[in-house]
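Visitor: Top line first, the protein sequences correspond to chains A and B.
Its first residue numbered 3, the first sequence is counted upward by one per residue in my numbering.
Its first residue numbered 420, the second sequence is counted upward by one per residue in my numbering.
Wrong hints could be hidden among the right ones.
[Unchecked claim] If the Cβ cut is set under 8 Å, some of the chain B residues that face chain A in the computed set are: (1) LYS590; (2) LYS591; (3) ILE592; (4) GLY594; (5) ASN687; (6) ARG688; (7) PRO689; (8) SER721; (9) VAL722.
Keep in mind the hints are simulated off the structure, nothing from the lab.
Note that this is a predicted model, so its numbers are computed, not measured.
Glycine is no exception: its CB is placed at the ideal position from the N, C-alpha and C atoms.
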Amino acid sequence: MPLIWLRVAVGCYAAGLFYALALLSRRGESWRQIIVPIVSLGMAFHFVSLAEAAAIEHLTLASAHYSESLLAFLIMFIFMMIRVKYKTTSPGLFVFPLVFLLTFASAVEQAPLHFANPLLQRGWVFLHIALILTGYAALFLSFTASVLYLVQTRSLKSKHHPRQSSGLSSRLPALETIDEIGYKSLLLGFPFMTFGLVAGIALAEARFGSVYYRDPKVTLSLAMWAVYLLLLYTRWNRGWRGRRAAYLAAFAFVAALGAWIANFFSGFHRFVAP
Amino acid sequence: MTFLLTGLNHKSASLEVRERFAISEADLPAAVQRLAQHPGIEEALILSTCNRVEFLARTAPEAVGLTGFLADYFHLQPEEFRPYLYEFRDREAVRHLFEVASSLDSLVVGEPQILGQVKEAYATARAVGAVNAELDALLTRSFAVAKRVRSETAIGSSAVSVASVAVDLAKKIFGSLAGRTVFLAGAGKMSELAARHLLAHGAGSLLIANRTAERAQRLAEKFGAQAVPFSELYDSAGMADIVISSTGAPGFLFRKEHAGRFLHRRRNRPMFFIDIAVPRDVDPAVNELDGIFVYDLDDLQSVVDSNRADRGGEARQAALLIAEEVERFMARLQTAEVVPTIVSLQEHLETIRQAEIDRVRGRLGQLSPEQEMAIETLSRGIINKIMHTPIMTLKSAARDRQETTTVIDLVRRLFNLRERSAAAKQSANESTGVRD
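Sequences are here, hints too, so could you generate the full structure?
Guide: Dropping the structure here:
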């Protein structure tokens with residue numbers, strides 16, 4: 003994998019990470035103008051690295067590094083969509099650190115881990131992984147929006163002037179806008195996640211004849227999907243938002259994280275060094 | 420004569436305390452009258468708004484204060500309210516009144532409503548005869564000062580009113596206000612102002628409920644809004660995204676259980692309560708509900724406080740202007756004390772002049788008009804020259820209270836002037852009105 007471009011991208015994302023930290027310590031103001039061009043540049047390099055990897059190595063998505071890199075790119079992509087539509091960089095507070103970690107992890111120079119099962123290394127598997135990664139990315143942004151919703155709620159309840167309160171909350175978009183971001187991300191991610199899982203099941207049926215439902219990765223993924231569905235259901239039915247929605251989104255996020263970690267324990271999603 | 424100003428405002432007392440001291444419009448005339456008749460008090464004025472209750476009086480110098488009256492009127496022990504009160508005398512009282520009228524002391528600095536409220540308080544006090552002489556001059560001056568502050572500083576034009584703060588907050592909750600429904604419970608001036616701002620920023624529709632249905636109807640026509648019966652208060656409020664409550668209800672109108680029902684109906688979409696009523700209409704516990712935001716006047720103050728810093732420059736300029744006006748008013752007031760003496764001195768010398776002219780007139784025979792004129796000019800010139808120094812001394816002494824008394828006594832003894840007559844005093848009052 004062409005690491006050089008990815009490393010340049012990591013450098014740009016590092017600026018994003020510092021921006022997020024500066025926001026937390028209420029000093030992010032002066033950075034606001036330049037941070038979006040910097041991370042956009044990072045995305046460009048990131049894209050080049052992904053495209054080059056795809057061209058040279060024939061889309062070996064089944065490497066941990068490549069998946070992480072692609073996931074980071076997808077998260078950045080949704081972040082940019084939100085920025086264009088809602089004119090806010092607030093989700094960057096969570097997005098930048100995660101993207102930095104993901105790209106950093108995939109940019110360190112060591113032989114990337116590959117799935118042990120050679121069947122997972124090509125073909126339809128690409129679709130399965132890409133769809134699920136998009137679902138992860140959307141879920142993460144929805145979770146981010148939930149947390150921002152709570153921050154904004156607290157700021158409004160503490161009764162400071164919206165223009166005066168310093169730091170993060172003064173820059174947050176309106177409560178309803180954050181809510182919409184979270185909801186739209188959820189809506190966007192759900193079909194990806196669903197089709198990703200369906201594709202996985204179909205693949206497993208086709209290749210192995212049955213699905214290993216007791217495999218920790220499969221179990222956690224299905225649990226995550228169930229929570230995802232529950233999130234949408236409570237939203238549609240009860241209009242749940244704010245704290246309760248944030249708890250559910252956090253739970254789904256943890257499940258997703260668990261599903262990711264399960265790559266190291268799973269029967270056939272297992273990563274090994276080549 | 421002494422000016423005495425006692426009161427409490429949004430800075431000295433919380434909303435709960437202010438609520439107990441608020442005097443309704445209906446009770447105000449009787450209250451002012453009672454204050455004016457209180458022993459030791461010669462003139463009185465009471466200003467009662469949602470953010471302040473001020474008692475202004477001109478008292479005999481030996482009067483102790485207004486605590487006795489307050490305890491009497493509100494049936495409270497002085498210890499209960501003393502911590503919340505401020506008290507200003509003379510110069511400080513004048514300064515405070517000027518600041519209040521100029522909206523420098525307002526919750527929302529620069530808001531225009533307070534001057535009208537001071538004028539109303541003045542009209543009320545005047546109507547019952549509680550304000551007649553010095554207090555009249557003071558109030559009239561305060562209106563002029565307020566006007567000056569408004570026109571010479573930017574404090575009014577950059578005024579962040581409670582209404583616009585409410586709009587900022589609404590935008591922080593809802594983003595765009597387009598399509599949002601605003602509900603007015605109670606159709607007071609404040610809520611009208613807030614509604615006007617919200618509509619100007621794109622709020623979709625407006626519902627108005629008022630205990631007096633005609634007032635709601637009138638306001639609704641003005642805004643192209645919809646008047647709803649007060650009996651359907653909760654149904655209408657449940658339809659609104661923003662509720663502005665300003666009724667005169669003695670207890671809470673909106674409690675947690677109501678708000679819970681609203682949330683259920685709105686499927687948990689956020690809701691914003693702006694409570695500008697004193698006493699409050701919305702139970703503070705409502706704010707504990709997820710997705711409901713309640714701001715009462717005190718909260719709006721804390722929001723507005725942060726604004727104050729922004730306009731420090733303007734406020735400083737306005738404060739300078741007020742300091743200058745206070746000096747001018749005090750000087751004029753002191754001059755007023757020496758005016759009767761000056762008048763009697765003038766009268767005294769004029770009498771002498773007339774008598775002397777009459778005495779020698781017969782011996783001079785026929786005089787030409789020019790000669791008549793010359794005698795007139797000569798005699799006037801002499802008495803003016805004689806009067807000049809004593810008058811100047813009196814005027815300059817007027818800046819110091821103690822010296823004033825000494826110099827007045829001295830001049831009276833030197834020229835053998837009789838005691839200040841009622842007539843002289845009257846003319847002195849008139850002259851303060853016009854002189855500068």
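Visitor: Do the numbers back the hint for B/ARG688, that is, is its least Cβ distance to chain A under 8 Å?
Guide: holds (6 Å)
Visitor: Are B/GLY594 and chain A close enough, Cβ to Cβ, to be under 8 Å, as the hint says?
Guide: This interface hint holds because 3 Å falls under the 8 Å limit.
Visitor: Would the hint on B/VAL722 stand, with a C-beta cut-off of 8 Å toward chain A?
Guide: holds (4 Å)
Visitor: Go through the hint on B/LYS590 and say holds or violated, using the shortest Cβ distance to chain A against 8 Å.
Guide: holds (6 Å)
Visitor: Regarding the hint that B/ILE592 lies at the interface with chain A, is the smallest CB-CB distance below 8 Å?
Guide: holds (5 Å)
Visitor: Using the nearest Cβ pair, does B/ASN687 come within less than 8 Å of chain A?
Guide: Constraint on B/ASN687 satisfied, holds at 4 Å.
Visitor: Against chain A, run the beta carbon of B/PRO689 and see if the smallest gap drops under 8 Å.
Guide: holds (6 Å)
Visitor: Does the closest beta carbon of chain A sit nearer than 8 Å to the beta carbon of B/SER721?
Guide: holds (6 Å)
Visitor: Under 8 Å is the threshold here; is the Cβ of B/LYS591 close enough to any Cβ of chain A for the hint to stand?
Guide: Holds: closest Cβ of chain A sits about 4 Å from B/LYS591, inside 8 Å.
Checked against the numbered hints given earlier, the structure satisfies every one of them.
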